[in-house]
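Trainee: Chain residues, written in single-letter form:
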Amino acid sequence: MKFTLSWLKDHLDTTSSVDELSTKLSAIGLEVEGVEDAGAKLGAFTVARIVEAKKHPNADKLQIVQVEVAKGQPLMEVVCGAPNARAGMLAVFAPLGTYIPGSKITLEKKPVRGVVSNGMMCSSAELELADDSDGIIDLPESFANQIGQSYVDAAGLNDPVFEVKLTPNRPDCTGVRGIARDLAAAGLGTLKAEPKLGTVEGKDACPIDIKLDFSADTATACPVFAGRVVRGVKNGPSPAWMQARLKAVGQRPINALVDVTNYISLDRGRPLHVYDADKLQGAVRARLGKTGEQFLGLDGKDHAVDTTMCVIADDSGPLGFGGIMGGEPSGSTEATTNVLIESAYFDPLRTAATGRKTGLMTDARYRFERGVDPASVMPGLDLATDMILKLCGGTPTKAKIAGKEPIDARVIAFDFARVEKLTGLKLSQAEIKTTLEKLGFKIDGPANAAKITVPTWRPDVHGSADLVEEVVRIAGMDRVPATPLPRQHGVTRAVLTDKQKRARRTRRLLAARGFVEAVTWSFITRDAARHFGGGSDALELANPISSELSSMRPGLLPGLLTAVTRNRNRAAADVALFELGQAYRGEKPDDQYMSAAGVRAGTAQLKGSGRHWDGPADSVNVYDVKADVYAALTALGMDPAKAQITRDAPSWYHPGRSGTLRLGPKTVLAHFGEVHPATLATLDVEAPVAAFEIFLDALPPEKKKTRAKPALAASDLLPVTRDFAFVVKKDVAAADVIKAAMAADKALIQSVSVFDIFEGGSLALEGKKSVAIAITLQPATETLTDAAIEGIADKVIAEVKKATGGEIRG
Amino acid sequence: MSVPASVDLTTLENELLHEISSAGDLPALEAVRVSALGKKGRVSELMSRLGALPVEEKKTFGAAVNILKSAVSAALDARKSVLEASALNERLNTERADVTLPVRLGPVAEGRIHPVSQVLDEVIEIFADMGFAVAEGPDIETDAMNFDKLNIPAEHPARQDHDTFYFSPGSDGTRLLLRTHTSPVQIRTMSTQKPPIRIIAPGRVYRCDSDQTHTPMFHQIEGLVIDETTHMGHLKWVLEEFCKAFFEVDEVKMRFRASHFPFTEPSMEVDIGAEAIGKPGQWLEILGCGMVHPNVLRNCGLDPDKYQGFAFGMGLDRLTMLKYGIPDLRAFFSGDLKWLRHYGFGVLDVPTLGGGLSS
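Protein chains in written order, with the working numbering: chain A, 1 to 810; chain B, 811 to 1169.
Keep in mind the hints are simulated off the structure, nothing from the lab. Among the hints, a few may not be true.
Stated by the list, open to error - Chain B regions said to be covered by chain A (calculated; three or more residues, Cβ under 8 Å): (1) 869-877; (2) 982-995; (3) 1012-1018; (4) 1043-1049; (5) 1058-1071; (6) 1077-1085; (7) 1135-1147.
For every residue, glycine included, the Cβ atom is placed at its ideal position computed from N, Cα and C.
Turn these sequences into a full structure, and let the hints steer you where they fit.
Mentor: Here's what the structure looks like:
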């Protein structure tokens, strides 16, 4: 919404400055996006006359001109390069020190080819009044008595233009008068009385019939349609003042009749339309469109109509979209002599829907979809008639009205105390009352049980909270005293849930293992989603921004692997990335789950990556990521040894070099392993990648226990270590060997570690391998005798043999 | 037989001490020790003669030999220390590492936390101190949760501003959407918890928009307080305290402007003076807020005549960009290692109120 200062002053009697107005508008909810103030920008430029012009002695294309910059003052010598500079010419002068906006320089006193210039003669482009210009501004002789005055004042260009970003709840401020009303309520002036109109109601009946043609359930589309014909008008360009205002706010003047409707739309937020009455056939009616209908719009394009859209039609068919855009053939032109003025009310919702479907964004739609004041139908028609009579002459007929204005006189029960209760701002009853009244509300009854009647132009006000907003925004949000929110506890208590704490801890743990945290899109390509077990129709966006971002991700690995490729393309091949975020198994809230996933690409191992004098990092493998998973679970307070490892990781992992960590058959805690080569190929990943996914929601809740740690069970007796090497079949799991050894004496055996795996030599030929383990015995009460140790060793050998068929290696 | 005790012993001592001091290395010293104190050494031999001496002499001679033995032992020990020290020195002189060789810094130095995660931790730290819990909700929402219950009916112009991502309609004709704000979490919280409520709701939100300054996914954080007395003055205080704490400055200039959101009434937009981030003279719009709309309370089963409170919402990515001078929103989601290394945070940079959010 744009308007100029002088236009505002038509409605508001004020002495406030542009800055004051602008600050107040923003404060009361009419956010000023910008003020174009030519007067402030161009105030230093003055009207001047070139008295004498002669060639510059040292330059062919320059002239030295003597300039009268003010009556009775000595002439100024200025160097000028404009081809049109000549003696006797009225022009625009900038003294030294002036900032020239078009060329972004400040004038300094310095010689031009040996002659000092005391200022500059300016072009329109230099003043940013035109995009480009041939030579300096050449003013007509009518400026002769304004020499020395500010050029923008003399030329009437100093009307500052405000641009306000309206929130959708304020249709009343789509007109300058509504903005003036708010400012008056906020104390920046007085709202002027409505202008007196001449006689607008004619003697003859309106010769064109106006009808509403709806069924009962669609009648809201256009509940009222009023019109009046003015006969014998003389159309032509609108007056200069009207054109100047329209241009200032970005409108193109068309002709007086059309300009009047546009002007009232901007002035009052009341859109109107004018038809050439001689081009209409039969009655003009508002109705819903019919399939197959179309019309040529004022934008010069054909518009198809459907059965949900409200159109204005005559016997020939639709003429235009009601409340959005009129039609070209029925529009008024310079040749129009009989004009039908339309003033109607169109339903905001239907207007918005039609506007969206057609993609038409017009000033009428902007207003009707917000909700035009339904009580403005007749005053708008009369105002338009008055202006047309004044500008174009002619004879009005009687008005013709079909239907009735949809005015619901809302009355809100209001206790003034509500203002303080809801905002903390204590205002006098008088201030509350005055504010509401200035905004057009009618107040009856006592302050603690008032009945407030809402003005017809405020469809947004429905309840007491709305009234509080009206009062407090006008009073000023800055007057609301900041009030400490009471503390609930002396010392703050922890607020995070266990799940949130886990997520935090996992994030820091993974970063501590050298991973860099990425945040990737929640949506991926459908192909990638399918590859990772997703890609269902239910998780496919109907209106994705691109096919790259169309499917809700089933897991975090596709995004991370894509990032691996992107980094590789930027010469970073060895990357360890993780993400902690949501993924989707389905569209239900419970289908969303929290995952912590990581990828190690190339040689991005825990110790570092790439070549190093102390030994190069190897290609990442399943054990790198297994360690990540175990470290994470341990950090989360779980003993990973209590979980089972199965060999059934999903298809995007290498089938032989991956595992799944579970608690029982149903609960999957994590997958880890090298990524399947086919998966890497699908996502264009070149380096080897090992990956993991930890399902944070699947972790069992931490058991509530005392904060005190259990007593330390440390023995003074020294532990004893014994080594064993077993030859087992190649496919025997090391875990089974460990488990069996552990079972030999649960009390004494404190730990079992695997310190060597040997699969080469003759063992390989036999399909066997050697697993070397170290067993640590921790005596509790007395030092173990050799015999006792031997006994346990025999039992270890027997248990391992029983469980795995392994023989002790000779 | 008589022994010329004094002469013999003195000479022997001098001889032995001389041999000890001239022993050049540990083996030579050991040879001297054997020759003096060994079984058949010269000192041991004197001791073996003791038995043949008369009682009177035995005492004096014995004492004298013991003194000699002690002196020799002490000299041997002292010389041994000297020789050991020089042998060690000699060895150490050959053991030289090139201490200028570069080392690997290890994973803790390599790892990074994403700036958005870091800033979320900071924000949580601040609001936790004011008693706000952290609430979460699903990304895939219904029209009802994302719009209707928030007082944004179908065809409300605000719905168009939201540029919503939709899924295809299901068999019942309803279509799900990606939440355009985290406000549905407020609805879920108010519908399931009894006031007093103090929560913040951080999370991913989605809008069908992509250009220099917009990405189709970004992060929001909203706050909600519902009880029987909380008013706009409290809202202002909370936001002022938050801004000071977050930007880690003593004062933040703030400007509260009336505005409009369907789900709050009254509503405000809040600007901060950009001197908080070292750019004086500008205002930066950072958040929208207001008192929760009575219709929203009603939609959640709360009586607006009894309960009231405020809500606010701001962009987490934007806060991050402002505080840490990060220029481009789109880079947040690129997974670019160079960017993450540069703008990311170290593992040990855990924000706390006591230790400082960013230090």
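Trainee: Using C-beta distances, would you say chain A covers the region 1043-1049 of chain B, given that this needs three or more residues below 8 Å?
Mentor: holds (count 5)
Trainee: Under 8 Å between beta-carbons, do enough residues of the region 1077-1085 of chain B, three at least, approach chain A for the coverage claim to hold?
Mentor: Answer holds; 3 residues pass the 8 Å Cβ test.
Trainee: Apply the coverage criterion to the region 1058-1071 of chain B and chain A: a residue qualifies when its Cβ sits closer than 8 Å to a Cβ of the chain, and three qualifying residues are needed.
Mentor: With 6 residues in contact (Cβ-Cβ under 8 Å with chain A), the coverage given for the region 1058-1071 of chain B holds.
Trainee: Can you tell me if the region 1012-1018 of chain B counts as covered by chain A, using C-beta to C-beta distances under 8 Å and a minimum of three residues?
Mentor: holds (count 3)
Trainee: Please verify the coverage claim for the region 869-877 of chain B: does it have three or more residues whose C-beta sits within 8 Å of some C-beta in chain A?
Mentor: With 0 residues close enough to chain A, the hint is violated.
Trainee: Can the region 982-995 of chain B be counted as covered by chain A under the rule of three residues or more with Cβ-Cβ separation shorter than 8 Å?
Mentor: holds (count 3)
Trainee: Does the region 1135-1147 of chain B contain three or more residues whose Cβ lies closer than 8 Å to a Cβ of chain A?
Mentor: holds (count 6)
Checked against the numbered hints given earlier, this structure breaks only hint 1.
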